[in-house]
Amino acid sequence: SQQGEEDPQALSIQEGENATMNCSYKTSINNLQWYRQNSGRGLVHLILIRSNEREKHSGRLRVTLDTSKKSSSLLITASRAADTASYFCATSGAGSYQLTFGKGTKLSVIP
Amino acid sequence: DGGITQSPKYLFRKEGQNVTLSCEQNLNHDAMYWYRQDPGQGLRLIYYSQIVNDFQKGDIAEGYSVSREKKESFPLTVTSAQKNPTAFYLCASRPRDRGPYEQYFGPGTRLTVT
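For the protein sequence lines, the chains are A and B, in the order given.
If you read the first sequence in my numbering, its first letter stands for residue 1, the second for the next number, and so on.
If you read the second sequence in my numbering, its first letter stands for residue 1001, the second for the next number, and so on.
Note that these hints are calculated values from the structure, not bench results.
Model, not experiment: these values are computed from the prediction.
Hints may contain errors.
Straight-line alpha carbon distances no greater than 30 Å define the calculated DSSO-like cross-link-like pairs of lysine-lysine that follow [said to hold, decoys possible]:
#1 A:K56 x B:K1009
#2 B:K1083 x A:K106
#3 A:K103 x B:K1083
#4 B:K1057 x A:K26
#5 B:K1057 x A:K70
#6 B:K1070 x A:K106
Output of the computed footprint for chain A on chain B, the stretches with three or more beta carbons under 8 Å from beta carbons of chain A [claimed, not checked]:
#7 1011-1021
#8 1102-1113
Heads up, the beta-carbon is just placed ideally off N, CA and C, and yes, glycines get one too.
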């Protein structure tokens, strides 16, 4: 069964605005990852945050993790039209290298 | 040029026919994965392999089969037993038993069965 649930399902913003997507999960995790998928393409890894980390940055991306609430957020700052894609969170449990994906947030950045 | 290749990009089959999807990687990764993605949905794990000549069922293995005779290759066969085979199929790989934990994905094969 899918563990992660992203919120919102779809998000439309103007170029230059920030985009925030949330992910909730149900069981204990070892790490949480975010992936991007352009329409009809494979997934690309964006960032990984371990269960003992609370925040991580990579370029215009900022990820937070709250293990007490079993939730994570992905913030994309100063969005660009090229950021238009679906974004998925994926969790990995302790001792497992398997990933469980959520249903994704579809982000549209309007030029 | 390192990466994962999947072929073909689009595949059309008649109902009742088996079809094999190709996945090849030259990243020297031990572990390989097959996922299925339906419209507006996340990825669901079909099969995975941690090492040559070994593979395990994922969450939705019924109607599918795999082989892992070479490290570089992990073909997926969609059999006629799969009730609803039309979907987007993604192959992925990663190094085994150590970080990094991220998976590397191929471009996908869109299978349509009519």
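Report task. Hint by hint, work out which the structure violates, then give me just those numbers in ascending order. Result -> Result: hints 1, 6, 7 break, sorted rising.
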